[in-house]
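In the order they appear, the protein sequences are chains A, B and C. Sequential numbering from 42 applies to the first sequence in my numbering. Sequential numbering from 227 applies to the second sequence in my numbering. Sequential numbering from 1483 applies to the third sequence in my numbering.
Derived from the structure by calculation, the hints contain no laboratory data. The model shown is predicted, which means the values in this text are computed figures rather than measured ones. Do not rely on the hints blindly, as some may be mistaken.
Rough simulated footprint, nothing fancy, chain C against chain A, three-plus residues with beta-carbon under 8 Å [what the hints assert, rightly or not]: (1) 202 to 216; (2) 219 to 231.
From chain A, some residues computed to sit far from chain B (all C-beta separations above 10 Å) [claimed, not checked]: (3) N43; (4) G83; (5) A107; (6) A120; (7) L123; (8) A139; (9) L140; (10) P156; (11) P165; (12) L167; (13) P236; (14) L307.
Don't be surprised by glycine CBs; every beta carbon is placed ideally from N, CA and C.
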Amino acid sequence: MNTVTDLVEWGLHGAPLPRGRAWVLRAGAVVAFLLVWSLASGLVVLGNLFNPIFLAGPWRVLGKVAELAATGQLWGHVAATLERVVVGFATGALLALALGLPAGHFPVVRNLLEPIVEILRPIPPLAMLPLFIVWVGIGETSKIAFITYATFFPMFLTTVHAVGRVDPLLLRAAASLGARRTPLFFRVVLPAALPELLTGIRLGVALSFFVIVISEFIGAEEGLGYLINDGRNFFLVDQMLGAAIVLGLLGYAGNALVVRLGRRWLRWERPPA
Amino acid sequence: MIRAAALAGALLAWALVAYGNLALEVMNPVLLPTPGEVGALAAVQIRDGSLAHHLTVSALRIVEGFGLAAAAALALGLLVAVSTPARLALEPVIEFVRPIPPLAFLPMFLVWFGLGETSKVAFIAYTTFFPMFVGTGASLLRVDVMLLRAAASLGASRRDLLRRVVLPAALPGIVVALRLGFGLAIFVIVGAEFMGADAGLGNLIMEGRVFFNPAQIVMGALLLGALGSLVNALLLMTERRVLRGRALP
Amino acid sequence: MSPAGVGGARVRIEGVHKAFALDGRSTPALVDINLEVQAGELLCLLGPSGCGKSTLLNIVAGFLPPTRGRVLVDATPITGPGPERGVVFQEYVLFPWLTVAQNVEFGPRLAGVEAARCREIAARYLDMVGLREHATKFPVQLSGGMKQRVAIARALANNPSIVLMDEPFGALDAQTREVMQEELSRIQRVEHKTIVFVTHSIREAVYLADRLVVLTSAPGRIKEMFTIKLGEARDRFAPEFTRYESEITRVVKEEVAKVRE
Chain A
42 MNTVTDLVEW GLHGAPLPRG RAWVLRAGAV VAFLLVWSLA SGLVVLGNLF
92 NPIFLAGPWR VLGKVAELAA TGQLWGHVAA TLERVVVGFA TGALLALALG
142 LPAGHFPVVR NLLEPIVEIL RPIPPLAMLP LFIVWVGIGE TSKIAFITYA
192 TFFPMFLTTV HAVGRVDPLL LRAAASLGAR RTPLFFRVVL PAALPELLTG
242 IRLGVALSFF VIVISEFIGA EEGLGYLIND GRNFFLVDQM LGAAIVLGLL
292 GYAGNALVVR LGRRWLRWER PPA
Chain B
227 MIRAAALAGA LLAWALVAYG NLALEVMNPV LLPTPGEVGA LAAVQIRDGS
277 LAHHLTVSAL RIVEGFGLAA AAALALGLLV AVSTPARLAL EPVIEFVRPI
327 PPLAFLPMFL VWFGLGETSK VAFIAYTTFF PMFVGTGASL LRVDVMLLRA
377 AASLGASRRD LLRRVVLPAA LPGIVVALRL GFGLAIFVIV GAEFMGADAG
427 LGNLIMEGRV FFNPAQIVMG ALLLGALGSL VNALLLMTER RVLRGRALP
Chain C
1483 MSPAGVGGAR VRIEGVHKAF ALDGRSTPAL VDINLEVQAG ELLCLLGPSG
1533 CGKSTLLNIV AGFLPPTRGR VLVDATPITG PGPERGVVFQ EYVLFPWLTV
1583 AQNVEFGPRL AGVEAARCRE IAARYLDMVG LREHATKFPV QLSGGMKQRV
1633 AIARALANNP SIVLMDEPFG ALDAQTREVM QEELSRIQRV EHKTIVFVTH
1683 SIREAVYLAD RLVVLTSAPG RIKEMFTIKL GEARDRFAPE FTRYESEITR
1733 VVKEEVAKVR E
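The shape of chain A in the complex, shown without the other chains:
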């Protein structure tokens, strides 16, 4: 706990720890986490507490992932999931931009679209999944359409908000320099809204990975979600955990990609000194 002196000098978190110690702590925590996990699964085996397949140790999970990768099975599932996410998300993002940019800019469009969005948005997207299956069937189309549907709303709303929130002084400055309609939109509104647009896109990427799993639980023959649900049917906990971790890595990579793009496009927010 920090003393009052620390608090008023550094704030609530107190003085920063020396770099080396911070790294030791971080690494130590990860090692401890894996150790506790291994120990727990080991104890189950030794003590015969319950059937050990219910708690696979980290090494078994890693081994399972390696095995699936070696036999080539993993890549098929990864590809299936990625394809659905990429196509579904990209369609959702395009729709959100195509409708959100005009809706943010023109009140008429906003008033037309908002009632529909207002009634659908509070419904958890998962509740609509069965409807997609009933409508489009259980194949690829329904999975992709569902991701598009689920990701559309947050991205649409952030787009509308981003465009509507552009500082009116920027618009005045541009207008007094001679910018009208089209150049005003492309040279001022769009770049000014870009930071928030990217936040919306990150949200959409996270949401695609969030919802893909469940649509792959229901009637899929391929994909990481299928792998997890298949594991459940046969009590293959190592396969379930392994697939979940791979999914986490994909989500992490997706997010990192958008962050990187953002750094490049938003260099003006924090330029190198």
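Following the hints, complete the assembly by docking chains B and C onto the known chain A.
Quick look at chains B and C alone, frame taken from chain A:
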């Protein structure tokens, strides 16, 4: 007022499309239930009490799971805010688990905790914990050091600083984190009830798919939407009460 | 577009009224403003805060429509913002995603001036405000004074005949402020634009203005007009300077006192 009009407009649009389809049969009318059909189904299920049953079952799961997660998130959020070693140790573990979509763990919860209530409650608790924990920690850590300096120069002890400065300053952020967590609970309860549940709104919706009754899916979805909006409105109202006049971040 | 056009246009404000809706009631902000700004003249608008001097500038800029009356540039009534009236804002309002040079080139680019020529124009005006070596920086990397220099260069690079300045130095510290006043007066000796300059600093107004208009407290009317006959390079400590300052201070104080009552 505008929102009410918008809602009415959207309902009208739905009625137009659905009844139009009924008359012209562009697609199989069973697939596109009309407001009348959905209303009739709701009336039947209200009368026989099944709707109330599904609703209470879901609500109980949400409240229990959310409550557990909120307690844990607040306690751990406070811990990481006041202790740098705790923060450095917890961060990497949390960051490792957090990017994994919680729904990917749903089957695991079913395997570990069985098909009963425990698995659903535990799953809701697990899912909602992360955003609430991260939000709580961040709001506490964001408290402006100048506020601490101002209070200390007026004679505040460490206890005073935490109780009278840090907590009230972080409160708006914490309240927003809790509201987000609750929204997430309503989001994922559906998924949890899709798989191996015998009651709850998610089960009701899944039943609609299994017995090919789109009207029941639409009813369940609308009900969830209404529930979510209602709870959200209530939370916003209490939020305004509690934070009287203070701007939300 | 003529290269580096020098000289300004005449602005005529004819019978301008402006009222805002406040709590459902129409509240007058400006009443019957008649004013003519000569070509190449620097006119200062001075008055207590809330007197509507910024509103008047926004009307001339074309950002706000007057409730009644009209504004003419030479003989043409204005209908909205336009590139012949450059604006310098108190908040700088640089485009944060563009570099310093790109900000300055913004206007000429829109007018379809070819890229090489745009770069020349930007270089010339960045030289004029002494920021050439900062051309590739982004606005977040600049101090307040530097940002306002870029904003002035951006307005001038578009070759407007009129420059409207809304408390442009209001957010700067006292030293920077005086340096900026000196630079503006130096630039004006070269460019001879028609400038309408809003300020609440009497010293600043006396230092810069050819003519100076004091507005009454809200609703704003023209209270008094002064012609400052102090020549080009002004000395803030000269007795005549101080005489203008104290005379105008007395007039402005009457209005400030009215607000208190």
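These are the hints, each one checked on the structure:
| no. | hint | in the structure |
| --- | --- | --- |
| 1 | 202 to 216 | holds (count 7) |
| 2 | 219 to 231 | holds (count 5) |
| 3 | N43 | 7 Å, violated |
| 4 | G83 | 18 Å, holds |
| 5 | A107 | 18 Å, holds |
| 6 | A120 | 17 Å, holds |
| 7 | L123 | 14 Å, holds |
| 8 | A139 | 20 Å, holds |
| 9 | L140 | 15 Å, holds |
| 10 | P156 | 4 Å, violated |
| 11 | P165 | 5 Å, violated |
| 12 | L167 | 4 Å, violated |
| 13 | P236 | 17 Å, holds |
| 14 | L307 | 21 Å, holds |
Comparing the model with each numbered hint stated earlier shows that hints 3, 10, 11 and 12 do not hold.
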